[in-house]
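Student: Using the sequences and the hints given, assemble the complete structure.
Chains as they are written, first to last, in the numbering used here: chain A, 1 to 118; chain B, 1 to 109.
Careful: at least some of the hints might be erroneous.
Computed cross-link-like contacts, DSSO-like style, restricted to lysine-lysine with a CA-CA straight-line distance of at most 30 angstroms [unchecked claim]: (1) K66/A with K41/A; (2) K64/A with K52/B; (3) K69/B with K66/A; (4) K41/A with K64/A; (5) K64/A with K14/A; (6) K55/A with K20/A; (7) K101/B with K64/A; (8) K20/A with K101/B; (9) K41/A with K104/B; (10) K52/B with K14/A; (11) K69/B with K55/A; (12) K14/A with K41/A; (13) K3/B with K104/B; (14) K104/B with K52/B; (15) K55/A with K66/A; (16) K66/A with K3/B; (17) K55/A with K3/B; (18) K104/B with K69/B; (19) K20/A with K64/A; (20) K66/A with K101/B; (21) K41/A with K20/A; (22) K3/B with K101/B; (23) K41/A with K101/B.
FYI, nobody ran anything at the bench for these hints, they're computed from the structure.
The primary structure of each chain is shown beneath.
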Amino acid sequence: GAVVSQHPSWVICKSGTSVKIECRSLDFQATTMFWYRQFPKQSLMLMATSNEGSKATYEQGVEKDKFLINHASLTLSTLTVTSAHPEDSSFYICSPTSGANLGRSPLHFGNGTRLTVT
Amino acid sequence: DAKTTQPPSMDCAEGRAANLPCNHSTISGNEYVYWYRQIHSQGPQYIIHGLKNNETNEMASLIITEDRKSSTLILPHATLRDTAVYYCTYGGSQGNLIFGKGTKLSVKP
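Tutor: What follows is the structure, encoded as C-alpha cells:
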C-alpha cells in the first residue's frame, strides 16, 4: 500500500507559539491532501482539502488564518497551527492522494500528530 | 454528506469471528463502502472496500447486502491485536472519506 510519512508524531508547545506538521507521500505523487483532526473520544473530522499549487479549501468552522496549509510540492504538504491555544490540542492526521480513481480506491493516512498546547 | 450507523462497541472472544455491522442507507449507487480501523493514537488503517460484490482479502471479508444499504465486516479469527475502533465510511463531496463514531471492538482472551 501507499507509504505516508507524517512528522512529528507528537509535539508539546506553549500557548501562543506555532507548530508545523509535515506530511510526505513517499511512493506516489499527492495531487490532493486531506487534513483531518480528531479530538479525544471523537471521530476524524475533515479540516481542509488542498490541491498541489492551489489554495486550500477549508471546512466550515475551521479558520484558514489559523491553520495554514502549504502544498507546494507533489510529495510534501504542511499544516501550521499558528498561535496555538489549548483548545487546538488534538490529533492531526493527513491523507494524501494521487487523485487517480478517487472514490474507487482506498485513501491512505499518516500516523497522526498528537498536539498538546500548554 | 455520508452518514453511517454502527454499534458503539462490541466484544469478541479471541479466535472467534468478529462480525461488525454498518448501516449506510444513503449510499449512492456508484459509491464504494470502505472499512478502516484505528488503533489508539495511530492513523486509520485500510482494511477492505467494496461496491456490490462481497470481497475478501488477507485481513477480512466484506459482505454487502443486495440493496447496498448495509454491510458487515468479518474478521474470521480475531486476535488481541484486532482490538481497535472500526469505521465504515464512504465518500465526501471532495473525494475525502467521512467518518462516523465507529465500533470499538474489544477482543478478549
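Student: Each hint needs a verdict: does it hold in this structure or not?
Tutor: Tested hints:
1. Restraint check for K66/A and K41/A: the C-alpha separation of about 24 angstroms stays at or below 30 angstroms, so the hint holds.
2. With a C-alpha separation of about 39 angstroms, the suggested pair K64/A and K52/B falls outside the 30 angstroms cut-off, and the hint is violated.
3. Between K69/B and K66/A the CA atoms are separated by roughly 39 angstroms; this puts the pair beyond 30 angstroms, and the hint is violated.
4. At roughly 25 angstroms between alpha-carbon atoms, K41/A and K64/A fall within 30 angstroms of each other, so this suggested pair holds.
5. Taken as a hint, the K64/A and K14/A pair is honoured in the structure, with Cα atoms around 21 angstroms apart against an allowance of 30 angstroms.
6. Between K55/A and K20/A, the direct Cα distance comes to roughly 17 angstroms. Compliance with the 30 angstroms bound is thereby established for this hinted pair.
7. A distance of roughly 26 angstroms separates the Cα atoms of K101/B and K64/A; the hinted pair therefore holds under the 30 angstroms criterion.
8. At most 30 angstroms may separate the alpha-carbon atoms for a hinted pair to count; K20/A and K101/B meet this at roughly 28 angstroms.
9. A distance of roughly 11 angstroms separates the Cα atoms of K41/A and K104/B; the hinted pair therefore holds under the 30 angstroms criterion.
10. Between K52/B and K14/A the CA atoms are separated by roughly 50 angstroms; this puts the pair beyond 30 angstroms, and the hint is violated.
11. For the hint pairing K69/B with K55/A, the CA-to-CA distance comes to about 36 angstroms; that exceeds 30 angstroms, so the pair is violated.
12. About 23 angstroms separates the Cα atoms of K14/A and K41/A, which keeps this hinted pair within 30 angstroms; it holds.
13. This hinted pair checks out: K3/B and K104/B have alpha carbons roughly 18 angstroms apart, not beyond 30 angstroms.
14. As the CA atoms of K104/B and K52/B are separated by approximately 26 angstroms, the hinted pair is consistent with the 30 angstroms bound.
15. Restraint check for K55/A and K66/A: the C-alpha separation of about 14 angstroms stays at or below 30 angstroms, so the hint holds.
16. At roughly 28 angstroms between alpha-carbon atoms, K66/A and K3/B fall within 30 angstroms of each other, so this suggested pair holds.
17. With a C-alpha separation of about 28 angstroms, the suggested pairing of K55/A with K3/B holds against the 30 angstroms cut-off.
18. Distance check on the hinted pair: K104/B and K69/B sit about 21 angstroms apart at the alpha-carbon level, within 30 angstroms; holds.
19. For the suggested pair K20/A and K64/A, the alpha carbons sit about 15 angstroms apart, so the restraint of at most 30 angstroms is met.
20. Note on K66/A and K101/B: the hinted pairing holds, with a Cα-Cα distance of about 26 angstroms set against a maximum of 30 angstroms.
21. The suggested pairing of K41/A with K20/A holds, with an alpha-carbon distance near 24 angstroms, which does not exceed 30 angstroms.
22. As the CA atoms of K3/B and K101/B are separated by approximately 10 angstroms, the hinted pair is consistent with the 30 angstroms bound.
23. At roughly 9 angstroms between alpha-carbon atoms, K41/A and K101/B fall within 30 angstroms of each other, so this suggested pair holds.
Comparing the model with each numbered hint stated earlier shows that hints 2, 3, 10, 11 do not hold.
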